[in-house]
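Participant: What follows is each chain in one-letter form.
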Amino acid sequence: MNTTQTQAAEKTTGSAIETDNRLDQYLTFLLAGEEYGIDILRVQEIRGWSGATPIPNMPDFILGVMNLRGTVVPVIDLRKYLKLESIPFGKTTVVIVARITDADEQSERTMGIVVDAVSEVHNIASTDMKPAPEFGGALNTDAIKGLATRDEKMLIILEIDALMNNGVEQILNASEQE
Amino acid sequence: MSIDLSEFHDVFFEECSEGLDVMESGLLELDHTTDSEDINAIFRAAHSIKGGSASFGFMEISSFTHVMETLLDEIRDGRRDITRDGIDLLLASVDVLRGMVAAARDEQAYDQPVIDEVHQKLESMLVTQTKVDTGIAEQKEDTASETVQICEKANVPREADQRITSWSINFKPDASLLRAGNEPSRIFRELMRLGELTVEADVSAIPPLSEIDPENCYIGWSLSLETSASREEIEELFSWVADESDLEIACAATRQKLPDTDVEPGTGKQAPIVSAETPGEVLVEASADVTPNVQDQPAEKANTSQVTKVAEATKNKSVSSGSGKESGSIRVAIDKVDELINLVGELVITQSMLSQTGVDLANSEAGHFDKLRDGLTQLERNTRELQESVLQIRMLPISFSFSRFPRLVRDLSSKIGKQVELTMTGEQTEVDKTVLEKIGDPLIHLVRNSLDHGIETPEVRKAAGKPETGRLELLAYHEGGDIIIKVIDDGAGLNRENIITKAMEKGLIGETEDLTDERVYNLIFAPGFSTAEQVSDVSGRGVGMDVVRRNVRDLGGNVSINSNDGAGSTVTIRLPLTLAILDGQLARIGEETYIISLVSIVETLQMQKESISSFTGQSELYRLRDEYIPIIRLSELFGTKSGKKNLEDGLLIVVEADGQHHGLFVDELLGQQQVVIKSLESNFTHIQGIAGATILGDGKVALIIDIPGLIQRYSKQCQQNECLLGAVS
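Chains A and B, in that order, are what the protein sequence lines are. For the first sequence, my numbering gives the first residue as 3, with consecutive numbering after it. For the second sequence, my numbering gives the first residue as -6, with consecutive numbering after it.
Don't take every hint at face value.
[Stated by the list, open to error] In silico DSS-like links for lysine-lysine, alpha-carbon gap of 27 Å or less: (1) B/Lys693 / A/Lys82; (2) A/Lys93 / A/Lys82; (3) B/Lys479 / B/Lys459; (4) B/Lys431 / B/Lys364; (5) A/Lys93 / B/Lys693; (6) B/Lys479 / B/Lys455; (7) B/Lys638 / B/Lys693; (8) B/Lys479 / B/Lys431; (9) A/Lys82 / B/Lys634; (10) B/Lys408 / B/Lys426; (11) A/Lys85 / B/Lys634; (12) A/Lys93 / A/Lys132; (13) B/Lys693 / B/Lys637; (14) B/Lys431 / A/Lys93; (15) B/Lys499 / B/Lys637.
Since the hints were made in silico from the structure, they are not lab data.
Could you put together the complete structure from these sequences and hints?
Facilitator: Here it is as structure tokens:
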């Protein structure tokens, strides 16, 4: 599914805004109508959804494992993970393959994250990011790096490690409980 | 010019640890024999570490090794007896060095007090015994530096009875000498270190200026050298240029050197030394530099002896490497090998994919594609061979793991006052590197256990009519596709009664159970189980054996124990040769494909309705001949929704683990194939009952079932369902 990646890259050019600050690039994706961004340097590749082999007795947000050119990589359904309503996977459904650093910062793992669709790549300066207010829901505030505005729309910039570490913990617990 | 040496550090560290291993095993060898070759080997190892660390700027390591080397040198020359204390101290030094090397690698500081302590001990051992014959050296102590002191102490007595020889050397290099980057003046400088050198240049061959090729060497030299060094040492210095020059080394005169007489500074033959720093440019210097200053004499002398030592060591090295067997190995980073293995694994997958397509195509077109089929068969064969040979790269002899035991047994047995003789057989048996790394700790546990619980104290052994020295044997050999490692001792063996009592206390077994020996011995693998009456720092905390079993199981092997009361026990570990591939049976459950290791499958059968019986309404048993086998419904255990429900529609795969049979209920069998094992843990986590994953020909991931883990999981689930599995025999 290289096409998706190229499309995303093509859209980049338009949205670059010159500021004095260092611009970080964020890949944004859609999830239940909301737009989220993650640090693009963490993204290894974007693939179309092609199924996963289920793993027994795992939390339901683990869709299973997939073959990433010879490595076995777990796949997470982000909708289920964030306790959003599930929808059937469609044409735009993609797997964002990202590298996640563990909470102890010792090891790194590669994970696939299933989202509704990828959107764009934005250049965002850290000064343009507003801190996230305290709010309830499945998303821990630690997992939010900040909020940014692009084209009158709010982007939720995620801290991917903090976002996923809770899930990793659940996975580890699930495997220990057995 | 500065070169960044850091890229060579890794190699240096590896060489260091190899050297340390050599030293350690050599030192342990000295316990039994005093073979001079052993001492030489230790000395050489110490020397290379010293040299290496000095050139890479690890001065602490270098100076520490230097002291060790001095001590070893004395032992080597027979000036010091080999005592157990000495060996202990040297072994301790090896440990400290190992720590220092590790610290240097991690760029951390090593525990300085520990270094100082051992350093002190080494120094004091040096001083105590050599004092007597180093009267002369001691007087000079005040002025000389510490390093020099040690050298002197070590070498002055030796120098005293050495002969001083006058050598006359005729050195006529070929014109091309300088082009090869050789520098005669460097050789002369080295020669000066050996003794007193006078150099005369023969400039007769220099052509008129107009004909001079500035890159040619036209000068010949005649040198005369007074030194205690041997001919070999001198030749060594010329070794680089020997092929490109006419070299004659002749002995002019020999005289006995008197210990107290300093070498007289050469005054008469102040011949000019010719230095050819810049090719073509001829410089003539006065020989003031050549003649050593009288005041520098002590230091100079020390230097000389140091060079002598270096030269000797180098000589020894070259001799030994010439006579020793060439192992013909290269050092390759493990990442590269793994990368290669992965690629070959991919190739196997691609090949099987192509093969499948090819077969379909060939069948459909009725023979039009014979050549394609032949080609694919060929490809398959080649791929397999390639895979096998690549996997061989990872195989290492088990001696890498066994080699630490002589030391361990020695230290431990003297600590607990037992006499133990260790024999190791089959050290060359090859096993996968990962297996090798992971089997180390379990083996240590087993050996410690044998020493602590197994082998009795000399008194007890004597009373029991056994030889006072206990026997401990480590054995490794191949059997089928597995490697078998045995730890055998001739100690007291396992005490059946003790184990049963302890197990009852811990509630592991019931009061009235009639237990087979096998079952009883297996009890010691339970977590927290120990029959040792008191907890020592060696063992007895009961964390050993369950760790052993877990580690072995993680490697896909199993461990069993056999014992004769009073005559010793044998622990047998069976491990797969490699963790990278597995002969697997593919089985389908619902939409998913699972892989079961062929080794654990006993048989596969279609179930007869009359042989199926249920047990407490929850678990099912299948009667196979005279045995009732619990049926594990994999789809239920794994919580997959799909899969056949009716037992008669599917198949029962009877598997064995820990001597017990279980039946796995699957929809159908798909085929057998060698699969490349991919880790689930690297990106995910360990899942009980799943050994890993593999990628099938169609690119899909399939899970590999870990039979012992699966059975554990099943028993746990049964226990939760208040199902009494214990009643099933």
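Participant: Determine for every hint whether it applies to the structure shown.
Facilitator: Here is how each hint holds up against the structure:
1. Annotation: proposed proximity of B/Lys693 to A/Lys82 holds, straight-line Cα distance about 23 Å (limit 27 Å).
2. This hinted pair checks out: A/Lys93 and A/Lys82 have alpha carbons roughly 19 Å apart, not beyond 27 Å.
3. The straight-line distance between the Cα atoms of B/Lys479 and B/Lys459 is roughly 22 Å, inside the 27 Å bound, and the hint therefore holds.
4. Among the hinted pairs, B/Lys431 with B/Lys364 is inconsistent with the structure: their alpha-carbon atoms are about 46 Å apart, more than 27 Å.
5. Restraint check for A/Lys93 and B/Lys693: the C-alpha separation of about 20 Å stays at or below 27 Å, so the hint holds.
6. For the given pair, B/Lys479 sits about 26 Å from B/Lys455 by alpha-carbon distance, which is consistent with the 27 Å threshold.
7. Distance restraint check for B/Lys638 and B/Lys693: the Cα-Cα separation of roughly 25 Å lies within the 27 Å cut-off, and the hinted pair is therefore satisfied.
8. Of the supplied pair hints, the one linking B/Lys479 and B/Lys431 holds, its CA atoms being roughly 16 Å apart against a limit of 27 Å.
9. A hinted pair counts as satisfied when its Cα atoms are at most 27 Å apart, and A/Lys82 with B/Lys634 qualifies at roughly 19 Å.
10. Taken as a hint, the B/Lys408 and B/Lys426 pair is broken in the structure, with Cα atoms around 32 Å apart against an allowance of 27 Å.
11. Among the hinted pairs, A/Lys85 with B/Lys634 is consistent with the structure: their alpha-carbon atoms are about 22 Å apart, no more than 27 Å.
12. A hinted pair counts as satisfied when its Cα atoms are at most 27 Å apart, and A/Lys93 with A/Lys132 does not qualify at roughly 33 Å.
13. Of the pairs offered as hints, the one joining B/Lys693 and B/Lys637 holds, with about 22 Å between alpha carbons and a cut-off of 27 Å not exceeded.
14. Of the pairs offered as hints, the one joining B/Lys431 and A/Lys93 is violated, with about 46 Å between alpha carbons and a cut-off of 27 Å exceeded.
15. Under the criterion of a C-alpha separation no larger than 27 Å, the hint pairing B/Lys499 with B/Lys637 is inconsistent with the structure, at around 41 Å.
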